[in-house]
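Make the full structure from the sequences, and use the hints.
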Amino acid sequence: MLAQQRQQAILERVRSSGGVRVADLVRELGVSDMTIRRDLEVLAERGLLEKVHGGATAAGPGSTEEPGFAAKSARQQPEKEAIARQAARLVRPGTAIALSAGTTTWTLAHFVTDVPELTVITNSIRIADVFHRSPRADRTVVLTGGVRTPSDALVGPVAVAAIRGLHVDTLFLGVHGMSSRAGFTTPNLLEAETDRELVASAHRLVVPADHTKWGTVGISTIARLSEAHVVISDPGLPQEAREEISAQTGELVIAEPEQDRQVAGR
Numbered sequence: 046m047l048a049q050q051r052q053q054a055i056l057e058r059v060r061s062s063g064g065v066r067v068a069d070l071v072r073e074l075g076v077s078d079m080t081i082r083r084d085l086e087v088l089a090e091r092g093l094l095e096k097v098h099g100g101a102t103a104a105g106p107g108s109t110e111e112p113g114f115a116a117k118s119a120r121q122q123p124e125k126e127a128i129a130r131q132a133a134r135l136v137r138p139g140t141a142i143a144l145s146a147g148t149t150t151w152t153l154a155h156f157v158t159d160v161p162e163l164t165v166i167t168n169s170i171r172i173a174d175v176f177h178r179s180p181r182a183d184r185t186v187v188l189t190g191g192v193r194t195p196s197d198a199l200v201g202p203v204a205v206a207a208i209r210g211l212h213v214d215t216l217f218l219g220v221h222g223m224s225s226r227a228g229f230t231t232p233n234l235l236e237a238e239t240d241r242e243l244v245a246s247a248h249r250l251v252v253p254a255d256h257t258k259w260g261t262v263g264i265s266t267i268a269r270l271s272e273a274h275v276v277i278s279d280p281g282l283p284q285e286a287r288e289e290i291s292a293q294t295g296e297l298v299i300a301e302p303e304q305d306r307q308v309a310g311r
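The working numbering runs 45 ahead of the 1-based position in the sequence shown.
Mixed in with the good hints there might be a few duds.
Capping the alpha-carbon separation at 25 angstroms, the derived lysine to aspartate or glutamate pairs in DMTMM-like fashion look like this [unchecked claim]:
| id | residue 1 | residue 2 |
| --- | --- | --- |
| 1 | K96 | E57 |
| 2 | K96 | D69 |
| 3 | K96 | D78 |
| 4 | K96 | D214 |
| 5 | K96 | E86 |
| 6 | K96 | E73 |
| 7 | K96 | E288 |
| 8 | K96 | E238 |
Just so you know, these hints were derived from the structure itself, not from any lab.
Below you can see the structure in the form of structure tokens.
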């Protein structure tokens, strides 16, 4: 196999799975460790991937790039549904929860519409609409005001003022990225401020985030990894990420996707 063909195969693998390990590529492509590392160096110099310890990951977006809700909702659907299903098990009747904006938290909302006597605080128009479409007389939904972002979050001073002084049992925090250095991040400065207020309001912080979020860094940090009580991800999360998250957070849960099941009402 020519170097160009080999590098194209590596790039396709990175793009399909989000990341690769040098050891796996050595075995699959039948070349030396040095050859694979040289290929990764070439691809990294061209900006097509990012080298990490022991392998490489897909090239991340800019720290201020913020995809719209529709674009994000089409990504990692099986993983997000598995994560949301696992997160829903943490919601108990008669409690107050907060759901920050995001496609994974939006998916989670579908799984908790039948929980009785629930109070929901959210800064997401999409999430509020999920509960609006499945009404319950014993449920209270509070939608903050604020400035609308590309991901349909309501942020800024109005949202912060609405959240300040509230106290919830659990916050399910949607994030743009997470890393050991930057923690949980967002590409939107106003959203970071609003999310930090949500974090301050919660007794327990749960972060449902699929494996593609690892290594992605937005411009502003919402919270440190150590502030999360539970992180829920999927089997695609690299081993080094699992070790880092497990060391810094209260608990890491890996949710297995169920390909044949769909979220009700979607």
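Index of numbered hints that the structure contradicts, given in increasing order
4 and 8
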